[in-house]
Every structure is written in C-alpha cells, then in structure tokens.
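*Asks:* Spelled out from the first residue to the last, the chains are:
There are 2 protein chains.
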Amino acid sequence: MFGANSGKNGTIFSLWAPYCSWVNLKIGDERIPMKKDERGYFLVEVDVTPGTKYKFETDKGEIPDPASRFQPEGVHGPSQVIPTDFSWEDHDWKGLNKNQLIIYELHVGTFSSSWTFDGVVEKLDYLSDLGVTALEIMPVAQFPGIRGWGYDGVYLYAVQNSYGGPTGLKRLVNEAHKRQLGIILDVVYNHVGPEGNYMGLLGPYFSSKYKTPWGLTFNYDDRGSDEVRRFVLENLEYWIKEFHIDGFRLDAVHAIVDTSPTHILEEIADLAHAHGKLVIAESDLNDPRIVNPKEKCGYGVDAQWVDDFHHAIHAFITGERQGYYSDFGELQDIVKSLRDTFVYDGKFSRFRGKTHGKPVYLDGCSFVVYIQNHDQVGNRGGGERLSVLVDEERLKMAASLYILSPYIPMIWMGEEYGERNPFYYFSDFSDPELVRGVREGRKRENGQQTDPQSEETFKSSRLSWNVNQEILSVYKTLIKLRKEYVDCKRDAEVNSGDMWMTVNKGKLLTVFSFKPSVIAIKGRGKLVMGSKSFPREITGETRFEEGFGIYMREVEET
Amino acid sequence: MFGANSGKNGTIFSLWAPYCSWVNLKIGDERIPMKKDERGYFLVEVDVTPGTKYKFETDKGEIPDPASRFQPEGVHGPSQVIPTDFSWEDHDWKGLNKNQLIIYELHVGTFSSSWTFDGVVEKLDYLSDLGVTALEIMPVAQFPGIRGWGYDGVYLYAVQNSYGGPTGLKRLVNEAHKRQLGIILDVVYNHVGPEGNYMGLLGPYFSSKYKTPWGLTFNYDDRGSDEVRRFVLENLEYWIKEFHIDGFRLDAVHAIVDTSPTHILEEIADLAHAHGKLVIAESDLNDPRIVNPKEKCGYGVDAQWVDDFHHAIHAFITGERQGYYSDFGELQDIVKSLRDTFVYDGKFSRFRGKTHGKPVYLDGCSFVVYIQNHDQVGNRGGGERLSVLVDEERLKMAASLYILSPYIPMIWMGEEYGERNPFYYFSDFSDPELVRGVREGRKRENGQQTDPQSEETFKSSRLSWNVNQEILSVYKTLIKLRKEYVDCKRDAEVNSGDMWMTVNKGKLLTVFSFKPSVIAIKGRGKLVMGSKSFPREITGETRFEEGFGIYMREVEET
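Chains A and B, in that order, give the protein sequences. Sequential numbering from 0 applies to the first sequence in numbering that gives the first Met the number 0. Sequential numbering from 0 applies to the second sequence in numbering that gives the first Met the number 0.
Check the hints yourself; a few may be wrong.
No copy labels: a pair is met if it fits in one copy or bridges any two.
To be verified - Calculated cross-link-like contacts (lysine-lysine; reagent style BS3-like; alpha-carbon spacing at most 27 Å): (1) LYS346 - LYS35; (2) LYS506 - LYS521; (3) LYS52 - LYS97; (4) LYS357 - LYS295; (5) LYS346 - LYS34; (6) LYS293 - LYS346; (7) LYS177 - LYS93; (8) LYS97 - LYS177.
Hints are computed from structural coordinates only; laboratory data are not their basis.
Go ahead and model the full structure; you've got the sequences and the hints to work with.
*Replies:* Below is the structure:
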C-alpha cells in the first residue's frame, strides 16, 4: 500500500521511488532510514500518533508523500498521518441504485459561504427535499492554494485542507448516507496538476509517450506501469474503504491513453464493481467501448456523460453557434440524441474536422445528461448560467427535456432554483510562471473576463441562494414525476415537426412547441405542468402556442 | 482517389493538401492550376500518356506526389504516371489459404545479385520446389537511395525504382501465382521515413499526439484523420487491385496508436477480407485483441508474429541473455510458447519493467513463428544468422520445432540452406544529419560493426547461395511432413523434463533431448528423421543421447 498505513507495530510508511538510491522518513528533526525493495518501494514501520507530520528526504530532494492522506499546509508542506477511527453512523444506507440516480453536481468551495464540507452538510435536508439521490462532488484531492475547481489536484489521497480535510469529508458522507443520499466523487486519473507535483522525481509515474493539455499524464502502459496502475487503483479503493464513497466520476477519460491489453478503465470499473460501487466517465469520444459491458467488448463503465445531448439543447434554445456549438443547432439534433444518445455516432463533425463517434445501444441509465455543469458554465468567458441566457419558459422546457428523459439527469448546483450568479474558472497557484500561463490561457482560449487568480472571481462564483421559488417548484415536480413515471428503458417515442417535438415515455407525454403548431395527439392527455397557454386536455389535432406541457396519458378502457 | 488515376477524359490528379491555398500540376514547364474542394483536395483532369513525369507546385513548395505510383529518380525527384495495362496470366492462381501457409521472407535487394524483382523470379522454381506457399516481400514502397530494408519508405504507392519499379513487381507476382505461390507484402503504416517526406507541409497527415522511434506517425484519430485513414486504406486496395497482392504483413502495429471507436487495424483487416486477402501483424504487445475475431472483441487480423516463440528458442539454444533474451532462456519457455503461444501472457517482464501480455486462445494459424527473420538477424551487431551461432544439430532441432508446430512457419531467406553470410542493417540516405544519426544510432543501440551507409555492408549482406545440401534436404523434409501431417489445431501434447521435451502432434512425435535422458514413450514410433544416435524405433522407457528425432507414431491395432 502507498503512503502511511497501520501496521502490526505502528505505521508503515511506503514510498515508491525507484529513481532514488536512498530515502529517509523525516519527522521533525528525526531521520529514519527506509529500506528499498526490489520493486523500488522504500519502507519503514514506525510507531507514530495520528497528527504526526512527515516528509521524505531523498537523494532527489525533500518531498511530501505522493500518497499523503492530508496536507494540512498545502501542496508544498509536510504530509500528516491521519486518524482512521471515525464513528460511522451510515449502517442503514441502502447504497446507490444506478436506475434511480438523480445527480446533483456541486463544488464544495462555492456551494456555501463556509467553503467547506460542513457547509454542504447544512444543505443536505434541502437537497433531500429536492429529491436528488446522489451528490457528485467536484474533485477534493489536494490542489494548490485554497481556491480551485480541483482538477489540478496533486495529492490523490489527500482531501483538500481548505474544504475541511479528511474528517470533513467523512462527516459529509456520513450525514448524506443518513439521509439516503449517495456520494459520487469526481476523481482525476488522466493527469496530475503542475504545481506541487514531485512524483516525476521519484519514478516513472508519468508517461513519456502521451501528454494532456493540463499536465503530465500517468504512465499506464510503459516501464513501471504496474506500480502506477496500483497507485491509481489503490486510490479508488481508499475512497471506498476509508470514506464510504459510493461512486466515481472519472474526469476526461479521453485523455487517458493506455495500450495495455486490459485498459485501466476496465480495471477501475472491475474494482469499483467488486465493492458494489459505480463508475461514471466523462468521455468526449462518443465511443460505446467506454460503457459497453465486457460481453459487448466494452470497459464496463456504468455510465458516461453525454455532451452531445447538452450541446443539442443549448445550441437550439440559445441560438449560440460558437465553438463546438457549431456542430449543433437543429431541433433534429435533440430528437437524435433522445433516440440514439450520440448525435455524432459516425457522422462528420466540422468542429472536429473528422468523422466522430459510433452508434451505441444501451439503456438510458448508461448515460448522464445535463443542461448545465461546471464545464459548460465555467468555461464560458462570462461564466454565464443558462438562467441568464434564456427566459424562464425555455429553462423549464430544457429541464423537462432532460429530467424526464430515459437518461440519468444531473443538476448543476443552483440550477434547481434559477441561480443567476456566474461560475468562473478560478485558481490559486503560487508559481509565477504558472499564474501568468493560466491568466493568459483562460483569456485567450475561453475569453474569461475576470482574473482566475483573484479571490473576487472565486467569491462572485459562489451560490447566492436567492431562490426563485417557481423554478424550484418546477424542478421538484419534475423530479417527482421522474421517480414515479420514468425508467431507463429506451421505449420513448419521439415525434417531431419543423418546430415542435413530442416525447412519449410511459404515461407521460411531453409536448414542446417552439412556434404555434398543430400537432396530432394519439389518445388523450391531461396537463400536469406546463405553459399557461397550453390546453388542459389534449386529443387528436391540437393547436399549441409556443411553450411546453407535460401530460398524463389516459389509459384507454378496453 | 489519391494520386494520378484514369478518368473519363484523361488522368485525374488528386492531391490532399488542406494547408495549401493553391496548387499547380507541373509537367515539364507547363503549369496546370488545380481546383480545391471543400475537403482540401486539389483536383485536375489532364490527358497525359503513361510515362509522363510531374510534380506539384504549391504555396508550400514544389513537391512530388505523396501518392506517386513511381519515383523513377528517387524520393526527391518527379513522380511518374504509370501504365496499367499489364498482361496478367495468373487466372489459375487459387489464392492463399491461411491454414496452408508456409512463408518465406525475403529482401529483394539482397536476395539475388541483380538486386531486383527479376532476380527473385529466377528463383521461383527453387522456392516452389522447397515447398513454401507464400513469399513475404520486405517493404517495396519507395525509400531514399538504392539500398535499404524498406522501412523508411516515403511513397506508399510507389514501387522502389532500384528494385524494378511497378512493372517489376507485377512480373514477380504474376510468375509466383503461375507457380501457385502467394505474395505477402510488408507494408509500413506506423510511420513514414524521414527523408523525402513532404507530406507534413500539405496537411495533417501526421499525428501531433503520438510519435515513433523511427519518424512521424500517421494521424489516425485527430482533425483530418478521415483523409489520412483513406490514404492508407486506398493504399492497401491499390496493392490488391493493381498488383494482385495476396496478403499483407503490417509492420510494428504496436507503434500505431488510434483512439477512434474503430481502430484502423480493424478497418484494414475488414478491407483486406472484403477482397479475400490476408493480414498479418507484427505486434510486440502480446495482446489477443490484435488477432481475436470481432466476436471476441478483436480487430480480426488473421495472424500475428510471435517474438516470444523466437526468443524462447533462441535464448535456450544459444545461451544468449543480452537485451530481450534476458526474459528467456528456460526450456519451459519453449514449452509454454508451444502450449499457449505467448510466454508473457500476464507475467512480469524484467526487460520491460512491467507486466506484459494477456492469454490468447486461438488456433495455431493465427500465429506466425520463426527462428530467424530480418530483425532478429539484422539488428544484431554482427548481423549473424543462426547458422553461425549454433551447430548444425541445433539448427535442425530449431527448424523441426517451428516447422512442425501448429503455428504458421516463416523461413528467413537463405535459412533453408544454411546461409552463413551476415544480414546487416543498411541504408542509403543522402541527408548528412540523418546519415550521422543512423550511423551513431546503429552503433550505439545495436552495436553494429559495419557502416550502414556503405555499399560494402549491403553487398556483404547478400545471399551467397552456397547451399548446404544437407540442411536444405532437412528443410524440404520438414516442409513435406508439415504439409502431410500437421494442421493448425491446438491439440499438440507437449511433455518435458529438465532437459528434454516431446511434442506429439497428430501422427508425429518429436523428441528433443538436450542431454542424455530416459523418456517414457507412450505407444510406438518409427524414426523419420533425426540425429544419428537416436533409436530407429521407440516404445516405453527409452534412452536418448543429445539430439532430436521425428517419429511416426504407429496406430495401435484395436
């Protein structure tokens, strides 16, 4: 095992550092020589108390533990041995059911004014009342400074100090489980952030063959990769065993290149499943291999994000055509995504300059859909939420579309009550070169209008909690309807005209009209929720003004 | 289609050059403007006669055609329109049968004193008499200069001028087919040689994400990759249609990284199969995915080379342990490879510093085995063939081992008659930087004792044709035995002791003894061929001196 773990006679410290010829465990001024084994691990067992701070002194320099469980003073400071005696009270937690997932994505730092896990705990009753079944927590692995999205984490095993550290996370999971809320943790296995990353000095942790736009990528298929894979797999297991995490969102798996006979994603999925946990991938590949089960030659990941679904809705309702939205914009893209998941499933993408994707045939709960998320909001120059881009009617239409789809819906924090604050990219690097690079890069590539390094940018990204009760009530109703009437089966019947679309899923018939239209309705339906102008009851040729309506179909008596 | 092809009213010239803003077809002093289409192709149809030389004049410089059919003056010279009216006489050719493959690998330049395809034609009767069923021709795509192995080819569609150009190759295929010999062409789709390679100026032919040790690698999965994939796939089809090539040996597929939903290898295999042709991969991955059929989640490549089998035999019989041989050397490695194909099928490799491979379960004709090939001989510092490393007895043992195995045997030119000339790496680059790099690299990495650039190195690598009749006769007998008694089924029974091994495959029982041993023989057998000291008939506990014997099993009367 990597890092500091309980042994028979104390704590075993284990550092994989094949490049080093000697390593001392350094506690205060004390230096304890470690012994190297044939695989390149340096080991020593020492009797220490939780709270003990340490570093490793090596012939490559003095460094924190790459598998540190806590970095109380940040990425450059010493590592700390943590207590593992948390009093769990989640014995009644039933565990996540993939088919009942309704996810709520949140960023701990901006969710509440306290910046911490405890700030999230305070809102658990609210979230439980909202009706979501799992929280997806943006990455908590220790990143540089106190403000950040978390994707530049450098200590995979250490919970961010400014969020409340490991005990804070345990409290959150414990309280969530007591309310039958699951916790999905966003984990980054495609790269390690640039600042505070000392691993490259110690061994071939990083690939010399592949690169990512964000930094060094793990070495999954070259010399030394057995240990690197173990480093990642043990990390997953650590979150499960030590923190009772229920599922994982794997960041940008398209940036993981692995030519091994067994892809690391397959091993990750296998390991999670062995513990009864879920794995969700962020994938830009539109490649069924990610989510297909092994029998269908896939990696067996439980579900993946579907950006195509987001882009189709966003481009259509906002009229935006910049960047990747240039590949979207037609109502038929939404229809296609509702029917076949990927809009690009073997079609030429002008934005990508190549044919993209492959058809996928799986049930709806293999896919996560959203109309907003941290990326889609935060990578915009103005960090604009959808609430400031379209009117309330469109917001509700978009919400109905995805929450009542056969896919797993994911709500972006604040979306459910019409939050209007921006969500910017923010960071807190200290390396001056890096700071300059991030500032310039964000301005050039995302047109970001605020300084990502300033505390102001971070603060203005926090949720205001100015609740729009009407929108909140729509979300609650949609979630209730989903829970009662919508399952993952791909049996939705989608019909469309030039500027209208109907989705019939089980007992629900949702009508979307983007200009006044006459639509032939099969059977009869009674309005459950929808635009004021929409008829209460519908049957046969029906005229709809612009708007939407969710109808309960009346079962024909036979 | 890429390059110069027949159109309705003349020859259509087609160049994919999205980076260029204008292109002229230049014939002599005449400049004919070409028209760019939306995918980045420049096109023009001109009435020209075969033999017409041309270049493309572009805003990026004047360049030969990347899809040139002939480079009469080498890689830097003009391209030439070739005649396509060859009189084929191979109507009676039955085509290659994977289950009856016995391959003979040859390098055109050193096979005969004439350096040419016609020099190979002269030996076709000899090869037919030897009993092989297919010739595997080392790459013929135009490479720099007149001497080279061919892996630095830069014009994928142009047959090497110094070998006799396209018509020479057609004559060879035609004559081979008339003798019921198939032609497998070695094609390099993992990189393009460094000298004379102008493609990078024209468009995203090459990957910016991945690299190979030998040069730029094709862009199979990024912007523009649709056209690059087409460039490669059309190339394969060109060899089939224009040259009647029967199969392909894909060079070093482990150097092809493709994250597309459908791997380029799968597309290559599909295309070859659509034409009834075979695809054999050189793969260093020990990954069943390469050869597994689609139902088993593979790419469906027909067969792959098995270096493990070579290394197991080579290390054991020579005692060598340098480089990759350090992972081999035990008799049990040979036993393992006979039973399971890959010796490393999930085992830690010290040489690679990681766990390597995955078990594979396919019939023997999905694998090509050899005790010598151009790499295993030519990448040695002294270019030594096995004939100068071990005595004749060991040579014959090794030959029996692989030719009578359930795998497809491949003979390296000259091996069959005990050729003793070396086979060195040789090249004929003109770029001074490159020349220096190759000289130093070969000395440093391979310990090559001769100058790869000198004509002498090339000349000393040619076959002497000093035939050792005894060895030739052994090979002929082995090939006859294989044809009569050995199939691809994985039903061989391999038994072994400390320093002996028996292989029972169908009616043949082969006994290998590396020191005097007593071996229990089930049933009875009569010697067909073997060491002088070996008993003529065997049954029960039998004592064998050092040596080998191939026995025909007597069927028990019941």
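*Asks:* 27 Å Cα cut-off: does LYS97 pair with LYS177 within a copy, between copies, both or neither?
*Replies:* within (19 Å within a copy, 63 Å between copies)
*Asks:* One pair to classify: LYS357 and LYS295, alpha carbons no more than 27 Å apart. Within, between, both, or neither?
*Replies:* Both: 14 Å inside a chain and 19 Å across chains, each within 27 Å.
*Asks:* Classify it for me, LYS506 with LYS521: is the Cα-Cα distance of at most 27 Å met within a copy, between copies, both or neither?
*Replies:* Answer is within; shortest intra-copy Cα gap is 12 Å, inter-copy 73 Å.
*Asks:* Should LYS177 paired with LYS93 be assigned to within, between, both, or neither, using CA atoms and 27 Å as the limit?
*Replies:* Intra 10 Å, inter 73 Å, cutoff 27 Å: intra-copy only.
*Asks:* Taking 27 Å as the upper bound on the Cα-Cα distance, should LYS293 and LYS346 be classified as within, between, both, or neither?
*Replies:* Both ways: LYS293 and LYS346 sit 25 Å apart in one copy and 22 Å across, limit 27 Å.
*Asks:* When no copy is named, should LYS52 and LYS97 be tagged within, between, both, or neither for a Cα gap of at most 27 Å?
*Replies:* Cα proximity of LYS52 and LYS97: none, with 40 Å in one copy and 65 Å across.
*Asks:* Within, between, both or neither: how does the pair LYS346, LYS35 come out at a Cα-Cα threshold of 27 Å?
*Replies:* Between copies, since 22 Å is at most 27 Å while 53 Å is not.
*Asks:* As a check of your reading, is LYS346 near LYS34 (CA-CA no more than 27 Å) within one copy, between copies, both or neither?
*Replies:* For LYS346 and LYS34, the Cα distance is within 27 Å only across copies (26 Å; inside one copy 56 Å).
In summary, the one numbered hint that this structure violates is 3.
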